[in-house]
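Residue numbers (my numbering), protein chains in the order written: chain A, 1 to 289; chain B, 1 to 307.
None of these hints come from the bench; they were simulated from the model. Please read these numbers as outputs of a predicted model, since none were measured by experiment. Careful: at least some of the hints might be erroneous.
Unchecked claim - Which bits of chain B does chain A cover? Going by a derived footprint, with three or more residues having C-beta under 8 angstroms, they are:
1) 39-53
2) 70-77
3) 81-89
4) 99-111
5) 138-151
6) 196-202
For each residue, glycine too, the CB sits at the ideal point set by N, CA and C.
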Amino acid sequence: MSSILSDELAAVDAPGPADGPAPRPSVLALTFRGILRAEWIKLRTVRSTRMTCFAALVAVIGLGALAAAVSAGDITAPEGPRHAGGFGSATDPTAISLSGVLLAQLIVAVIGVLAVTNEYGTGMIRAYFAAVPTRLPLLWAKAIVVAVVVTAGSLIAAVVAFLVGQSVLGSGVDLGDPGVVRAVLGAALYLGVISVLGVAVGALLRHTAGSVAVLFATLLIIPQLLVAILPGDWSTAITPYLPSNAGSALMTVSGSDTLLAPAAGAAVLAGWVGLLLVGAAWRMRTTDA
Amino acid sequence: MIVVEHLTKRFGRVTAVDDLSFQVRPGLVTGFLGPNGAGKSTTMRMILGLDRPTAGRITVNGRRFVDQAAPLHEIGSLLEARAVHPGRSARNHLLALAATTGVPTRRVDEVLDIVGLTSVARQRAGAFSLGMGQRLGIAGALLADPEVVMLDEPANGLDPEGIVWIRELLQGLAREGRTVFVSSHLISEMALTAEHLVIVGRGRLIADLPVSELTGTSDRVTVRSPRAGDLAALLIDRGITVTSVSTDQLEVTGLPVEEIGRRAFDGGIMLHTLTPHSISLEQAFIDLTHDSVQYAPTEVSTRTVAA
Ligand SMILES: Nc1ncnc2c1ncn2[C@@H]1O[C@H](COP(=O)(O)OP(=O)(O)OP(=O)(O)O)[C@@H](O)[C@H]1O
Ligand SMILES: [Mg+2]
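Same shape as in the complex, but just chain A (with noise of 0.2 angstroms):
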């Protein structure tokens, strides 16, 4: 066949073909699967995810080792309050060998917001949208598969921070502690959100400096800012419903009375996550491309 374009591809409605012994035709249709497929690919052909990844990772099982260390007495840690604003308490062990999650939720959500801005910036997303008009299935493709990555890898990190965290502390704590594997779980679980929220906000703002620098206020200037500003028993009725604050409650075994429970923490992080999207899909639906 001399055809510029493939006999053998053919769509669902389209007639099979007319002469000859017909190639076997691969049926060509829009699925949920085939978006999931491409965002799969999209995410692990460039350099960045790897890159970042990587940095996610060593954030959070060598920030652990120091943290842990610091704790120990091995390292003198410098003056001035070693946990202001982040993770875990100076005495829970487990959240302490946890506390690399602070640096790795920037990096995390820095993942989840190129996956979409980078798409705006290079005009990609217009070919996509080309392809996949009604736009949203793009959206939950996206954040689908940056949360499964994401979490999975951070589930590796969190294990072996956990790990190297208890014998560099010597605490004797173990995965079968209670409440152990729930906060090793949380961490994973968090920073799987954290980069679906990355991935609203990028789609929100559409602009990777802007979406990065609203998280890193989020995640981290707010929290602080709220405390310093608020009256102390405002800042402690509100603070504890700030994304951050909520993913802590997820990861600390010894509760904190600054702190959610580790259920309630969980429903406010989703109730969050699921605002922005629902931002983002709105957005994404109806404003030109």
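Please build the complex by placing chain B with the ligands on the supplied structure of chain A, with the hints as guidance.
Below, chain B with the ligands without anything else, positioned relative to chain A:
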């Protein structure tokens, strides 16, 4: 087949597309022409559902674009060259796009071959030249064996050899019975590639006509005769303009030279000069689009119906 009906798009106070209606038929290359800012890209974006029309209706192969089972198979398009992640290889870029619609890997390698990028398929697309980026975009448009191929300024950045290549590619696609819709602001290139033209200016339809008519209608003929006045009386008719340049010279538009010669012969009038000035395509195009700026909207639509 693309059917556009009363399409309007306003961006705030700018009306980019203004009550535009036309059809793009299968089996031939239709050129979409207009000066910069005429609304070509905006129209194409609306056909793909990227911009929401302020008013009007578009169907592609009889259906609204969002209702297609395999949109990529209905319309293959190229709107922006180099809309590629610079760090991803050409092949991976196409593999991802192909995956959405279930296009097999074998087909990805086939289109890379068609556009001549096989040897650089695994290189970072960021290192591609403008012309290579354009070819990659065209590969993406052909990926899912589309019924309609729609390209926005595909010749941009191509070298002369590339321009000939794309001309033959588009004509080949049309011969296979596909609908081919290509925008350009280069009339001379379109005249060689397209059979039919849709011409827009300031968002409005100016002309919807076969390429042959664009050249035909723009002919002006100079006639010199000792009896120029008598000849003018024989020539003048509806739709024909006769201008007296001097006592023995006329400028005639709207009549072919053969007809002028025949009428003079029948009237027994001797001619000294009979010279057709075929206006260049560029000039015809400029005249047409220039008109659109000057004419009131109602007159523009009258012209449209006439064409
Ligand atoms: N997103 C937008 N916001 C505001 N105005 C816009 C937008 N997109 C296009 N326009 C305006 O709409 C008009 C038509 O633009 P369009 O890009 O469709 O023209 P074009 O025919 O493709 O021109 P060119 O030959 O330069 O590519 C222009 O006046 C442009 O400024
Ligand atoms: Mg344009």
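Status of each hint after checking the structure:
Residue count for the region 39-53 of chain B with a Cβ under 8 angstroms from a Cβ of chain A: 6. That meets the three needed, and the coverage hint holds. For the region 70-77 of chain B, the stated coverage by chain A holds: 7 residues have a C-beta nearer than 8 angstroms to a C-beta of that chain, and at least 3 were required. Remark: the region 81-89 of chain B is confirmed as covered by chain A, as 8 of its residues place a Cβ nearer than 8 angstroms to a Cβ of that chain, reaching the required three. Only when three residues or more bring their CB closer than 8 angstroms to a CB of chain A does the claim for the region 99-111 of chain B stand; here the count is 8, and the claim holds.
Under a criterion of three residues with beta carbons nearer than 8 angstroms to beta carbons of chain A, the stated coverage of the region 138-151 of chain B is upheld, 5 such residues being counted. Given as covered by chain A, the region 196-202 of chain B fails the check, having 0 residues with a CB less than 8 angstroms from a CB of that chain where 3 are the minimum.
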